[in-house]
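Asker: Generate coordinates for the entire structure from the input sequences, incorporating the hints supplied.
For reference, the chains in residue letters:
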Amino acid sequence: MALDVDLVSPERILFSGEAEMVVCRTSDGEVAFLTGHVPFLGGLGIGIVRVHLVGGDVVRAAVHGGFVQVKDNKVIVLSDVAELPGQIDVARARRSLEEAQRRAAAGAAGGDGDTGEAEADAAAARIQRAQVRLELAGQAEPARH
Amino acid sequence: MAGGTERVLRRRIKSVQSTKKITKAMELIAASRIVKAQQRVAAARPYSEQITEVIRSLAAGGAELTHPLLRQPQEVGKVAIVLITADRGLAGAYNSNVIRAAERALKAEQDKGRDYSLVIAGKKGEGYFRFRGYRIDATFSGMSEQPTYEDARAVAAEVTKAFEEGDVGLVHLVYTQFLSAGTQRVQVRQFMPLDQAALEDAAGGDGPQAAYEFEPGPGEILARLLPRYVEARLFAAMLDAAASEHAARQRAMKSATDNAEELIIKLSRVMNRARQETITTEIMEIAGGAEALRQGQSAEVDYLPDTVVHRDVLPDEIDPSLRVRSAR
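The listed protein sequences derive, respectively, from chains A and B. Its first residue numbered 704, the first sequence is counted upward by one per residue in this note's numbering. Its first residue numbered 7, the second sequence is counted upward by one per residue in this note's numbering.
Check each hint, because a few of them may be wrong.
[As the list claims (entries may be wrong)] For lysine to any residue, the following SDA-like pairs were computed, each having C-alpha atoms within a straight-line distance of at most 25 Å: (1) A:774 <-> B:51; (2) B:167 <-> B:276; (3) B:167 <-> A:784; (4) B:167 <-> A:767.
[Stated by the list, open to error] Non-contacting residues of chain A with respect to chain B, defined by C-beta distances greater than 12 Å in every case (computed): (5) 711; (6) 759; (7) 797.
[What the hints assert, rightly or not] Computed footprint of chain A on chain B, listed as stretches where at least three residues anywhere in the stretch have a Cβ under 8 Å from a Cβ of chain A: (8) 154-162; (9) 217-227.
These are calculated hints, taken from the structure and not from any lab test. Think of the CB as a built atom: it goes at the ideal place given N, C-alpha and C, for glycine as much as any other residue.
Answerer: The following block contains the structure:
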């Protein structure tokens with residue numbers, strides 16, 4: 704028996720079908736779901752969701768936050784921003800990465816108080832998003848978290 | 007001036023014809039966009055359904071539904087109204103209907119002695135309320151025809167902030183619901199605090215649910231879920247409004263095109279009659295002139311100089327005696 708998987712973003716359904724295994728990164732680390740998993744509800748971090756299809760193929764999507772619900776062998780992945788490899792603008796992701804890195808560096812040098820911290824967090828999240836995008840598009844080394 | 011009328015009418019018909027071309031084009035564009043907008047509404051539905059489902063299972067799984075967005079305020083001092091209108095006009099009564107509903111809701115709250123806060127999406131609504139001197143707290147534009155999730159998120163962030171800080175105790179959402187291409191209905195709904203009963207409803211009916219594993223804890227998940235739920239609801243409303251806008255525009259442009267067609271037919275009739283009249287008048291003038299000429303020929307004989315006989319003017323039988331006398 705296979706898992707029934709729906710990968711849904713607010714604007715459309717990215718993927719819907721059967722799979723053997725779904726791997727995603729929750730806020731505590733990576734989790735893999737197989738059939739018969741207990742009901743599970745988790746928040747997703749920034750990372751790649753891998754859906755291992757029955758035939759052996761793998762569907763990968765970059766998600767930036769979101770939720771995963773598992774119940775009765777049905778996996779629902781909800782994400783505000785989710786992209787399949789074909790939708791990623793590599794040049795833009797790379798530009799974003801460079802820009803964010805520059806900001807992070809500038810923030811580390813002259814940041815002070817809460818604003819500096821918030822800015823550093825935003826920059827870090829941006830770097831992570833860009834890295835995940837590039838990783839998914841196969842254009843960069845896997846991001847280290 | 008008969009020829010003048012005809013020229014004026016011809017010019018008028020030309021202008022109506024070019025107007026008709028424009029309205030026809032707008033009608034066709036709107037018609038094709040309705041379909042696209044409907045598809046977007048349908049595509050967005052799974053997400054909002056699933057997110058509601060997740061919140062329900064969270065409630066069923068024993069998580070306590072406590073969150074600033076669910077808090078029922080003791081006393082409401084200020085009410086926020088989120089209004090979704092279009093950026094452009096030429097959409098029949100679409101804008102005025104939804105704007106009027108918002109103004110009514112606002113007046114009703116004022117009658118209860120509450121302050122208001124206006125958050126408007128779409129230039130038309132902004133223009134209306136600004137012109138009438140209302141205080142507008144936030145405006146968003148440039149997305150009424152094809153709203154993206156990002157747009158919804160921006161609007162939601164603005165409203166959520168005001169609500170969570172306790173600045174406003176109640177949020178109404180005023181938008182146009184798309185029922186079908188022929189029917190759209192203005193909706194005034196309570197947007198915040200979220201309707202807790204509706205969220206728990208289905209969960210209660212299912213009886214005891216399987217115990218969920220949570221990661222992170224249920225409270226934290228809920229805190230992350232509810233803002234997304236708000237965004238999804240607002241996004242759905244914006245998509246509905248966009249579809250309604252296109253439907254309203256298509257109808258308005260269709261009747262404009264029909265009117266133009268009718269006007270062209272009417273004007274051409276008047277123009278043809280005017281032309282006919284000109285021709286008739288011309289013929290009458292020519293005929294009249296010819297007739298006058300013909301009649302003149304017999305009547306004027308006596309007066310033409312070359313036919314005047316000298317004798318008629320000067321009596322040739324002058325008394326010879328006089329002549330002699332004068333010669334002498």
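Asker: None of the hints should be skipped; say for each whether it holds.
Answerer: Status of the hints after comparison with the structure:
1. A:774 <-> B:51: 20 Å, holds
2. B:167 <-> B:276: 63 Å, violated
3. B:167 <-> A:784: 21 Å, holds
4. B:167 <-> A:767: Holds: residue 167 of chain B and residue 767 of chain A sit about 22 Å apart, inside 25 Å.
5. 711: Residue 711 of chain A is in fact no farther than 12 Å from some Cβ atom of chain B, at 5 Å.
6. 759: About 27 Å separates residue 759 of chain A from the closest Cβ of chain B, which puts it past 12 Å; holds.
7. 797: Label holds. Min Cβ-Cβ 21 Å, cutoff 12 Å.
8. 154-162: holds (count 4)
9. 217-227: holds (count 9)
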